[in-house]
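J.: Protein chains in written order, with numbering that gives the first Met the number 0: chain A, 0 to 521; chain B, 0 to 265; chain C, 0 to 146; chain D, 0 to 502.
For the record, the hints were derived by calculation from the structure and aren't laboratory data.
For each residue, glycine too, the CB sits at the ideal point set by N, CA and C.
Any given hint could turn out to be false.
Unchecked claim - Covered stretches of chain A (chain B as the covering partner; in silico rule of three or more C-beta atoms under 8 Å from a C-beta of chain B):
1) 7-18
2) 118-126
3) 183-193
4) 205-215
5) 272-285
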Amino acid sequence: MADQFPAIIVLAPLFGALIVGLAGSRDHRICFPVVLVSLAVSLFASLGVFLQVLQSGPVSYFMSGWDTEKSVLGAGIELRIDAINGLVLIVIAVVSILVSIFSIRRAGEETTEKTPQFYVLFLLLTVGIFGMTVTNDAFNLFVLVEVSSLTSYALIAMGKARRGTMAAFNYILMGTVGASFYLLGVGYLYLKTGTLNMGHIHEVLTANGGEIGRSPSVMVAFVMILVGLWIKMAFFPLYGWLPNAYSYAPSTSGCILAPLMTKVSVYVMIRVMLGVFGWEWVFGHLGWNHAVVWLAVIAILAGSVLALAQRELKKMLCYLIVAEVGYMVGGAWLADSEGWGMTGAIYHILADAFMTLCLFIAASILVKRCKARRIEDLGGMFKKMPVTMTGFIIGALAMIGIPPTCGFFSKFYLIRGGIESGHWEFVAALILSSLINAVLFFRIFEIAFFGNKPAEGHGHEEGETSEQGSIGEQALSVREARLSTLIPLLVTAAIVILLGVFNGPVIAVIRSAIEPLIAVGG
Amino acid sequence: MKWFALIAVVITGSLLIYGVSDFPDWGDAQSPANAGAKSSTGEPIGESVSQFYITETGRLTHVPNLVTAVLADYRGYDTMFETVVIFAAGMAIFAILRVLREDKHTLGPPAKDTTADGDHGRIIVGTTCKILIPVIQLFSLYVVAHGHYSPGGGFQGGVMLGASFILLAVAKDLGSALTWFTEKRFMTLACVGILIYAGFGLMAQFLQRHFLDYGVLHVILPKTDEVMARSHSMLGVEIGVAFTVTAIMFAIYANLSSRGELKRGL
Amino acid sequence: MKEFFETSIEPHFNYWVYVILMMIGLWAVIAKNNLIKKLIGMSIFQTAIILFYVSVGVKKGSGIPIIPKAKEAAAGAGEHGAAGAVNPDLFANPLPHVLMLTAIVVGVSTLGVALAVAQQLFKDFGTLEEDEILEQIKTADKASPDG
Amino acid sequence: MTDSVNSLLPVWACLASLLAVPAILIFRKEPFLREGATFVAGLVKLGFVIAIYQHVKNGTAVECVLIEGPLPIVLRVDALGMVFALVASSLWILTSLYAIGYMRGLKEHSQTRFFAFFAVSLFATLGVAFAGNLLTLYLFYEILSLSTWPLVTHHQDKEARSGGRTYLAHLLGTSVAFALPALIFTWVKTGSEIEFGKAILESGDLGPWPTVALLLAFCFGFSKAGMMPFHSWLPGAMVAPTPVSALLHAVAVVKVGVFCVIRVVTEVFDTDLLTQAIGALSPSEILAWVAAFTVLVSSLIALTQDNLKRRLAFSTIGQLSYIVLGVALLHDLAWRGSVLHIAAHATGKITLFFCAGAIYVATGKKYISQMRGLGRRMPITFTAFFIGSLGVIGLPPSLGLISKFHLVLGAANAGQIALLVVFLISTILNAAYFLPIVYQAFFPKSDEVDPGEAGAEKFSWHSVKEAPWACVVPLSITALLSFGLFFTSGFLQELVKLFVASH
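Using the sequences and the hints, build the whole thing.
T.: In structure tokens, the structure reads:
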């Protein structure tokens, strides 16, 4: 049983999707339990495999049994789990479970009788994301990228907003071009190395002093793969599809896509950088880290400033994602000799998934409950929806980087990487973006706390009975959200804090995983 | 936009050409892709996957068609997700287009009345289809079943089978194609196809092997050994693929041609 | 010029063609105004990659990767080669073909979904010209920013 | 280095007020129970602090590692933290009492929110006092900034909002922009060493210019200390209800700022680093002159303020820089003076704020010019005001005398005659902006009724009485405290000596 965990992680949601597809349309009520159970199995398997990795190092699983004894490396497809993607797997499982709980009633409302199809797509999306994370085969990665992309196109286009449909169309074009670039890069690599297994490619590229790695076509392959992934993760110049797609998607779709898609793409980028090309090749041979870090700096600043210009809550969050992607890409490319930037980037993948989830769930509740697409409509929300706003505030504080939330610690490690590698511009960008985020969110807090317009006079009220007093601009009918949406919100908020407080062990795991990768390069 | 496109195209194109410049010659049997990577001194780095496929497949699987063997066995995991992609596309189109409630606003202009061609056209087309469709279907089944020995397999056969239903819908109308191949049926068939595929994998797991390790299925399949079990299981998964592809091809056509209403076709 | 052709283009002719084809597709995706034309460009783009992959697997003088009488060959009858059972040079590389089978399927699926979205857009906006759609979104924005 | 014992006491001391928050929220409909919860938490907290004091007075630090790892969260109570914790936790109880009187007297809205955030901010204050490393210090510092923001903007009107914005923009902005990079830089420089207990940056780690930059980044980053040019949040924050101004802006928040500066100067930098020569000055002297500038300028501005609370605010800015200045002198006596001045200024200034609030509750007056003759109607309040101002100015009999005496001696012994003069001038200025208030209140020049006022409001001095007992009692107690500590300052001095001895 235990040695089947890597396959089970991917297969559980797949079978879940098939069951929902077969039986869901007869009775919509069975959808949710199936989704929950299959994701829970995935979570269980992820935890199990993660423990195995901690005990005995990376775990390999050869599909169809074509391991190196029976055949040659790369003949079959290998799943490979080390400490880093073990962590990412757990994050994916937890996030998707939380979103599925969030979607219990939402999905039915937003997708009008297409609930089973929604859940099929939802589960297939998680299949794709899980698969992208575990696979060690460059081409298999492409297939799984497409599984997750196709489902996310549909999840976005399912909504009723016509702007969402247009956004989905742009996303399809961009996403397909991105995936094709990736595929092309893999083709170039295959042409030069004759294999598709990532470990094998790495072996060939570094063999004999890395002579094959120095050929121009390998460089072109890297560029193609990188650009393809950048499109997927919405890195700075290629982010155009993201804000509209995520903000006009149905809220449940937005909540699953925003935390996971970009983050997993960043993880894949890191995996390609370290696992396929290798530290030494990327930072030593290629040496573009300065250019990419500058690009990341621009991404951070552009994302933050554009977020500042938004008046719609969800769009603002979407631009923040663009900035956060800049954090991660920049951190991964800092290339300080001890790999602190890389550590920070990986930790930020985990942290940002939960931060984004927290904010998106809260924003979705707010948008739904009080029809508040815009920031100004949030007046007095703190009084009416205190629990939701608490979750929102915790997510926001994490985005700003206030201790003890995880956002603070990831920034901490990223800044350390920036200082050690001498990329002061990156440090400055991180701090500036923190400050902009502070402005951004406190603008909202102020409105949510005190209403839209300043109260007249001092607001002296008669005792406790009229505490709502000077705020009431919104209709009083707005009440706290449902329990099924609050529970995931609060759990996420708790994780945001706990992940920050207990960053030590997480960082230790990440460090132990990336240190050998750095050492290989020397 | 045009200028931007031009710049993007020129940059990408020249980058790609730059990469092409040190490719091995076209058709070179000794290129890394075909014979494995070699260092400048001519020593092989690792073993060549491609040569392994060509030389060992016969021994390991008894399947003459290497493409089928690689597709359904060595890279069977890939192929399963390929089928999932198709399935996902079907679901996606359903989710985007399908109109489940009669909603006056979402109804587009009514499709053109196809009877305008007159009855003569109907008779000729109808008779031709009556003859052609069974032949197509029969041939597609052959393509699926004979994938081990000749070009073919689940995808090719499935597309042809789907095409035969589409032909019916084009020739007569969508409604008559849907009377037999109802939405419920093709959606179920799509799921069942993947279930068959993944089920083979799962069975191997239950028998203490890795996912999709068909060899172990010889304990279930009668009169087989490890190698023949692989061959037979490949046929099984190809049939699963064919199910899904047939169903989804038709589903895509049906939804697209009727704007998701599944009533009138083109 | 002739020398350039012989050393650079001729041995890589397929690759040059694929690059040109791909750029045609990319141009259409970015520069065309009609959404369906964009999709056609996208398909060309993907097809170019298929050409590339298939070119990678070609060996001069080889046949299709089907080994007749596989069992016997495996048993070591040695019909085709001297050293082993099967001479790999006589059969085309099967891997790129398998990969492209997958890529074709992915391309078809993407195109299907894209067409569905395009149809939905036509339902919503009554046009498939990008600039007209953007215009409509703009005017709707001015009328009611929440729409 | 002092010994240390492991104990959970610091954690409980911090948590006592945080745990009161749920109780406060639960009893939101029952004002008496709600405020009872505040009181109980205050007493429990003080109890824990005193329990820790029993260890600390013997020279043992009390330590508790909450989270280990590369970025540990550690609570560690030493003598310096103890002084601050004693001051903050004892004054919280009095402030709670005062707040009840003030808030009820004015029928303020959202009292539950008020008390809840009040408790959170005390949690953060003690967290800062007990922080065992730079990271923990920063963590609680930020929590304090955030939890006091709803208090500052309590009135929710336009003025309160703009005050709140300035408040956050300064505190959060500077801490993220200066303190955080400085903190990470220190962490990187020392290879993950940020524990207090010995100098984090040793001599030779940094050149003179980086030292100055880092020192100023820390000192401006912890802008709760109110050093110019990042001082303007303090007058802005005076829009808060007076109990908030009293506790937070005379005791908790601003003292957290100077406390952080003391920690940084004493624990982060080795003395050798701070005395490297840059031209004629050393890094510590540069800091000292920035502080001296702040002292003088803020005192001058205070003279011109008519709004009583604003005058108190500028006075606070000046007094805070006294403490910073004392620390920057790098002399034992001056350090003792600095730490003592935390306690002295806290008791004195809180009395003054209480009085300001009491006057407002009783009469609705905010401006000094309206207070002529008020002393006769509110004798207790103004007597307390007088005692409080003595403490701040540093006149006997008050703890302020002892602390200023140490500061002046320290300056003299350190050979900084110019800075000594600064101390003296500012003392005169202090007297100049406080004593006239008292004088006018008791000995009005003109008639009792201000003609301009009378026309508008028909305000009758004869109807004025003392503020409610809940206001008057705390301010009397703090006045007595300020007075009494002059005679019983022994235990504080012992702690201060322990602190100085450990460096």
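J.: Give a verdict on every hint.
T.: Results of checking the hints against the structure:
Counting residues of the region 7-18 of chain A whose CB lies closer than 8 Å to any CB of chain B gives 4, which reaches the minimum of 3, so the coverage claim holds. Counting residues of the region 118-126 of chain A whose CB falls under 8 Å from any CB of chain B gives 4; the rule of at least 3 is met. Requiring three or more residues with a Cβ within less than 8 Å of a Cβ of chain B, the coverage given for the region 183-193 of chain A holds, as 7 such residues are present. Under the rule that three or more residues need a Cβ within less than 8 Å of chain B, the assignment of the region 205-215 of chain A holds, with 6 such residues.
Here the region 272-285 of chain A counts 0 residues with a CB under 8 Å from a CB of chain B, which misses the bar of 3, and the coverage is violated.
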